[in-house]
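J.: The chain contents come next:
Number of protein chains: 2
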Amino acid sequence: MTTSTNLPEHPRDLRSLIRHGDFTGITAGVAPGYVQTNLAILPRDVAFDFLLFCQRNPKPCPIIEVIEPGKVEPKQTAPGADIRTDTPKYCIYRYGELEAEVEDISQYWQDDLVSFLLGCSYSFENAMLDAGIPLRHHEQGSNVSMFITNIDCIPAGIFSGPMVVSMRPVHHSKVVKAVQVTSRFPDTHGAPIHIGAPEIIGVEDPTKPDLGDALEFKDGEVPVFWACGVTPQAVAMNSKPPLMITHSPGHMFLTDLRDQDVSVL
Amino acid sequence: MTTSTNLPEHPRDLRSLIRHGDFTGITAGVAPGYVQTNLAILPRDVAFDFLLFCQRNPKPCPIIEVIEPGKVEPKQTAPGADIRTDTPKYCIYRYGELEAEVEDISQYWQDDLVSFLLGCSYSFENAMLDAGIPLRHHEQGSNVSMFITNIDCIPAGIFSGPMVVSMRPVHHSKVVKAVQVTSRFPDTHGAPIHIGAPEIIGVEDPTKPDLGDALEFKDGEVPVFWACGVTPQAVAMNSKPPLMITHSPGHMFLTDLRDQDVSVL
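Those protein sequences? They're chains A and U, same order as listed.
Read in this note's numbering, the first sequence has 246 at position 246, and its numbers run on one by one without any break.
When you read off a place in the second sequence, starting at 1, and then add 1000, the result is the number in this note's numbering.
Incorrect hints may have been included.
As the list claims (entries may be wrong) - Derived lysine to aspartate or glutamate pairs resembling DMTMM-like cross-links, with alpha carbons at most 25 Å apart: (1) Lys1240(U) <-> Asp49(A); (2) Lys75(A) <-> Asp1049(U); (3) Lys240(A) <-> Asp45(A).
Unchecked claim - Among chain U residues calculated to face chain A with C-beta under 8 Å, some are: (4) Gln1055; (5) Gly1157; (6) Phe1217; (7) Asp1256.
I should point out that these hints are in silico values taken from the structure, not numbers from a laboratory.
Glycine included, every Cβ here is placed at the ideal spot set by N, Cα and C.
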């Protein structure tokens, strides 16, 4: 078993370890500077609606790559990879119910499956750290706080539901900078969706998250909310598709893209 | 007939005129400050591939809205509009051949048609003018120059083909500014795709366009190239779908979005 202290740095080498069962852990902090993605795999007959849902709701559902029906290689962002084996851990859902958590989905594969790679917040969090904005959930060694808002996503076909957001406490002197640096990453959730009056988006108490962990607020810090990649999975699950495969939380798919490749300006 | 001197300013009122056959002209310069769009209407069975093609090639094919199969109202960007009647002029193509040019497509409508509204360059051209960058094709009263490049779009299903670009001569002192201001409009073609060595993208002579009109170059001006909305239509036509409906060149669909609504930063 490879431990995190002697991991290779390039995603290609990490995916090879993952493929052979030699790395099955969470991917936070591995391959720093490279884009990691959420994974959602759905049957073709609902894929148009899901693609349209993502297109209509780009902040929670930023598309990094879509692999065509039955194909397993993300040619644009991870050439040579196999989406069935190269994610550390997967969840198999049937009609919205978790059936299994596995390290290889080859036995579940069907020729009509369409794989969606969706941006995750690691890219803009790196940019925040670079800009001198500390991240409380890193300091606490915990998950980010997440809230189910009263903001309805724009529906598409069978897919609809509320937007899930992540929350980071930011010192008031850094709020503008936080908007600026995350705006540069529209493909990994981008600029905040709310600052200033949490109750308006249905968040009564920013210290009591619906998902993830509670985060401490220090003097002068305000809660800043970003659209969260949990949204598309939650929305897809709501529709109870016959089969849906996702990454297991924290066990992201590693692409060869660098953070700079998905930034603007 | 309403002339351009006494046109209403709001797109909603203009669409009403268009619907009743009282405005059938080109839309350049009307409803200034509002987003105009290219239109591509395709049968549902190729819509997933086309949506995926646009997602993979966002610079030539920036999606403003996709209307679900059989539906005719662009709810997000032009509530109350009817896509069958509210564009000044349409082209009807069967298997890639132009069959008719009409002002109303009601008689061609099918329940499986999916309508794509795609960004056009008017929004970033307004931003260029605001930034003090003159536009030669406006000065000449002509069309922008367009070139078929040697850059292959990323294929998706049945759709593939070269990228078509528009070219604007820009004084060398304004090139950086031109990059900056157009970068703010990723949904209307965004930043240039090429500056500096036209032959590399297959353009032998910037004064001899493949489409549109030739533009004069003044001293110190360099050709700057942007991805062009003609690309998705050309690519779709290549695939010879049984039915495809587009706007007639220059006769765009007017949305209620303002240019600021599609800008970043």
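J.: Is Lys75(A) close enough to Asp1049(U), meaning Cα to Cα at most 25 Å?
T.: Roughly 16 Å between the alpha carbons, so the hint for Lys75(A) and Asp1049(U) holds.
J.: Grab the minimum C-beta distance from Asp1256(U) to chain A and call the hint holds if it beats 8 Å, violated otherwise.
T.: violated, 15 Å
J.: Identify whether the interface hint at Gly1157(U) stands, where standing means a beta carbon of chain A within less than 8 Å of its own.
T.: holds, 7 Å
J.: Hint check: Lys240(A) vs Asp45(A), CA-CA at most 25 Å. Holds or violated?
T.: Answer holds: Lys240(A) to Asp45(A) is near 13 Å, not above 25 Å.
J.: Identify whether the interface hint at Phe1217(U) stands, where standing means a beta carbon of chain A within less than 8 Å of its own.
T.: Check failed: Cβ of Phe1217(U) comes no nearer than 28 Å to chain A, outside 8 Å.
J.: With the threshold set at 25 Å, check whether the alpha-carbon distance from Lys1240(U) to Asp49(A) stays at or below it.
T.: holds, 24 Å
J.: At a threshold of 8 Å, is the proposed contact between Gln1055(U) and chain A supported by beta-carbon distances?
T.: It holds, given that the least Cβ distance between Gln1055(U) and chain A is near 6 Å, below 8 Å.
Hints 6 and 7, counting from the list given before, are not met by this structure.
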